[in-house]
Amino acid sequence: MKHGIAFRKFSRTSSHRNLMLRNLVTSLFEHEQIRTTLAKAKDTARLAEKIITLGKKNNETSYRHAQGFLLKASILPKLFTTFANRYASRPGGYTRIHRLENRTGDNAPIALLELVDNPRDFKLEMTARAVGRELLNEKLRWDSPRGVVNSGVKHAETVVAKELNLGGIDNSELRPTTRRNLQKVMKYRSQEALVEIGSKATAYVETLLAKPIAQVKMQLRADSKDKEKARKRANPNFVDKFPVLPTRAGAAPPGESQSAMRLVQGALARPTRPPKQRSTWRPNTPIKQATYTVETLR
Amino acid sequence: MASLALHQTRSFISTLRLSWARLPIATFLDANLELQQKPFRWTLPGLQSLLELLPPIVLAVPKSKISHSRKAMRSANKGLKDKRNIVNCPACGEPKLAHHACRTCYASIVSRFKLEAKKLATDTKKRVGGGSWSTRRAPLMIEGPKDS
Numbered sequence: 001m002k003h004g005i006a007f008r009k010f011s012r013t014s015s016h017r018n019l020m021l022r023n024l025v026t027s028l029f030e031h032e033q034i035r036t037t038l039a040k041a042k043d044t045a046r047l048a049e050k051i052i053t054l055g056k057k058n059n060e061t062s063y064r065h066a067q068g069f070l071l072k073a074s075i076l077p078k079l080f081t082t083f084a085n086r087y088a089s090r091p092g093g094y095t096r097i098h099r100l101e102n103r104t105g106d107n108a109p110i111a112l113l114e115l116v117d118n119p120r121d122f123k124l125e126m127t128a129r130a131v132g133r134e135l136l137n138e139k140l141r142w143d144s145p146r147g148v149v150n151s152g153v154k155h156a157e158t159v160v161a162k163e164l165n166l167g168g169i170d171n172s173e174l175r176p177t178t179r180r181n182l183q184k185v186m187k188y189r190s191q192e193a194l195v196e197i198g199s200k201a202t203a204y205v206e207t208l209l210a211k212p213i214a215q216v217k218m219q220l221r222a223d224s225k226d227k228e229k230a231r232k233r234a235n236p237n238f239v240d241k242f243p244v245l246p247t248r249a250g251a252a253p254p255g256e257s258q259s260a261m262r263l264v265q266g267a268l269a270r271p272t273r274p275p276k277q278r279s280t281w282r283p284n285t286p287i288k289q290a291t292y293t294v295e296t297l298r
Numbered sequence: 001m002a003s004l005a006l007h008q009t010r011s012f013i014s015t016l017r018l019s020w021a022r023l024p025i026a027t028f029l030d031a032n033l034e035l036q037q038k039p040f041r042w043t044l045p046g047l048q049s050l051l052e053l054l055p056p057i058v059l060a061v062p063k064s065k066i067s068h069s070r071k072a073m074r075s076a077n078k079g080l081k082d083k084r085n086i087v088n089c090p091a092c093g094e095p096k097l098a099h100h101a102c103r104t105c106y107a108s109i110v111s112r113f114k115l116e117a118k119k120l121a122t123d124t125k126k127r128v129g130g131g132s133w134s135t136r137r138a139p140l141m142i143e144g145p146k147d148s
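Chains A and D supply the protein sequences, listed in that same order. Numbering of the first sequence is given in the UniProt record's numbering, commencing with residue 1 and proceeding in unit increments. Numbering of the second sequence is given in the UniProt record's numbering, commencing with residue 1 and proceeding in unit increments.
Among the hints, a few may not be true.
Computed cross-link-like contacts, DSBU-like style, restricted to lysine-lysine with a CA-CA straight-line distance of at most 35 Å [said to hold, decoys possible]: (1) A:Lys217 <-> A:Lys123; (2) A:Lys40 <-> D:Lys65; (3) D:Lys114 <-> A:Lys50; (4) A:Lys9 <-> D:Lys119; (5) D:Lys118 <-> A:Lys200; (6) D:Lys83 <-> A:Lys211; (7) A:Lys184 <-> A:Lys217; (8) D:Lys114 <-> A:Lys57; (9) D:Lys114 <-> A:Lys225; (10) A:Lys9 <-> D:Lys118; (11) A:Lys40 <-> A:Lys50; (12) D:Lys119 <-> A:Lys217; (13) A:Lys72 <-> A:Lys57; (14) A:Lys162 <-> A:Lys211; (15) A:Lys184 <-> D:Lys118; (16) A:Lys211 <-> D:Lys78; (17) A:Lys211 <-> D:Lys114; (18) A:Lys217 <-> A:Lys162; (19) D:Lys78 <-> A:Lys123; (20) A:Lys78 <-> A:Lys9.
Hint data in this document are derived by calculation from the structure and do not stem from the laboratory.
Use the sequences and the hints to build the structure in full.
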C-alpha cells in the first residue's frame, strides 16, 4: 500500500535521490527547459517552484538556503534577479510539464519541463501556431484555396487582441481551447508578447500555405534523381518513386473538418451520417469544406 | 507415500530375513546378512532416487499436446488493443496522442531554437573577433630580431 505518500523513491538511496533532484533543478534553472522522464519532471517541478519562492523572498536566509541547494553558484544571481522579476506577480505555478512521446529504448514516458514565460516558451509557440492554423481554416471556409493563397492571412494581431477578452462560449474565429490557451499564456505578460504571437501566427500561416507545394517539389526532385540513377545502372527492376516525405495516416490538411480517428481509419471507417449543426461556436458551417491540398489549388 | 514405501522395504527385508532364518544355513547366512545391513548408506534402501520422496502431484506433466485450435482460443484475448486517443495537432494537423505534445511540432521548434542559438553564437564570435573584414590579426609567433 502507498496511501497518501507524496514522494517517489526512484529506486535510489536517499542521498542519491536528493542529489539527482538537485542536479535536475540546477539544470532547469540553467537551461529553462529540460527533457526528462515524467516522474522525475513532476518531482523536480515541485522542488524548483519552492526554490523560486526563495528567490522571490530575497533575504539573507533565503539566499543561503538556495546556495545550499543549488549545485552551481553561477545560477544564484539568475534566480534572485531574472526569475524574481519574471514571476513577481505570479502566485505559484512557475513550471509547466508537457508530455512527449515515450522513449524508444524502454518505452519510458518522457516529459518536457520548462519554466513558464521563458524565452523559449513551448506553449506560446504552439498557441501561436494554432492561432495561425485556425485563422487559415476560417478563411478556407469562405474563400477558395487559390483565393486564400493570393490574399493571405494578415489580421492575426487584431484577432489575438480581441480574443483576450472573450469568454468560453463566445463565437469567434478561434476554438475555445485555443482561446483559453492564449489567455493563459498572456496572463502575466506585456503587450510585446501579443505582437510576438501575432507575427509568429502570420509566419506560420505562410509555412502552411507553402507546405504542400514544397513537398511536391521535393518529390519531383527526388524522382528525377532516382530516374538518373536507374538510367545509369540500366536496371529494369529498379524501383523509383519512393515518397520523400511519406504522409502519415490521419494527417489533416488545412480546412479539414473530420476528426483524426475518422481520417486514420480511412476507407475502413463506418460510413458517417451527413454533418449536422453540432457545434454551437461554428454557426453557418458550409456542408462541403475545401481543404488546402495541391489538388484543390490547381 | 514415501514413508509407506520405506516401511514396505523395511518389512520386506524383515520377511526376507525371517524366511532365510528357517533354512538350515540360516545361522552363518544370518551373520552375513547382519554384516550386510550394518554399513551406513546415504541412499535409503528400496528407493530408485530421491525424487520418490516427493509426492506425485509435484511431478505434473501435460497428458497430450495442446491442439492448434485450443491454443488459438486461449490467446484470443491477448491481442494488442487499438489506441483510441488519437487527435489532430492544432498546429500542423498531423496525428498525435491526446494530452501529448505533437512530435513534429516539438522537433521543428527545438531545431529552430538550436539553429537560432548557433547563429547567434557565430555572429557574436564574429563581432567579438572584429568581423569578417577586420584588420586585426593574431600576433606573430616568430620572435623579432633581438637587440644585440
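Hint by hint, here is what the structure shows:
no.: 1; hint: A:Lys217 <-> A:Lys123; result: 32 Å, holds
no.: 2; hint: A:Lys40 <-> D:Lys65; result: 48 Å, violated
no.: 3; hint: D:Lys114 <-> A:Lys50; result: 29 Å, holds
no.: 4; hint: A:Lys9 <-> D:Lys119; result: 41 Å, violated
no.: 5; hint: D:Lys118 <-> A:Lys200; result: 20 Å, holds
no.: 6; hint: D:Lys83 <-> A:Lys211; result: 28 Å, holds
no.: 7; hint: A:Lys184 <-> A:Lys217; result: 39 Å, violated
no.: 8; hint: D:Lys114 <-> A:Lys57; result: 34 Å, holds
no.: 9; hint: D:Lys114 <-> A:Lys225; result: 31 Å, holds
no.: 10; hint: A:Lys9 <-> D:Lys118; result: 38 Å, violated
no.: 11; hint: A:Lys40 <-> A:Lys50; result: 16 Å, holds
no.: 12; hint: D:Lys119 <-> A:Lys217; result: 27 Å, holds
no.: 13; hint: A:Lys72 <-> A:Lys57; result: 20 Å, holds
no.: 14; hint: A:Lys162 <-> A:Lys211; result: 29 Å, holds
no.: 15; hint: A:Lys184 <-> D:Lys118; result: 30 Å, holds
no.: 16; hint: A:Lys211 <-> D:Lys78; result: 42 Å, violated
no.: 17; hint: A:Lys211 <-> D:Lys114; result: 22 Å, holds
no.: 18; hint: A:Lys217 <-> A:Lys162; result: 38 Å, violated
no.: 19; hint: D:Lys78 <-> A:Lys123; result: 39 Å, violated
no.: 20; hint: A:Lys78 <-> A:Lys9; result: 30 Å, holds
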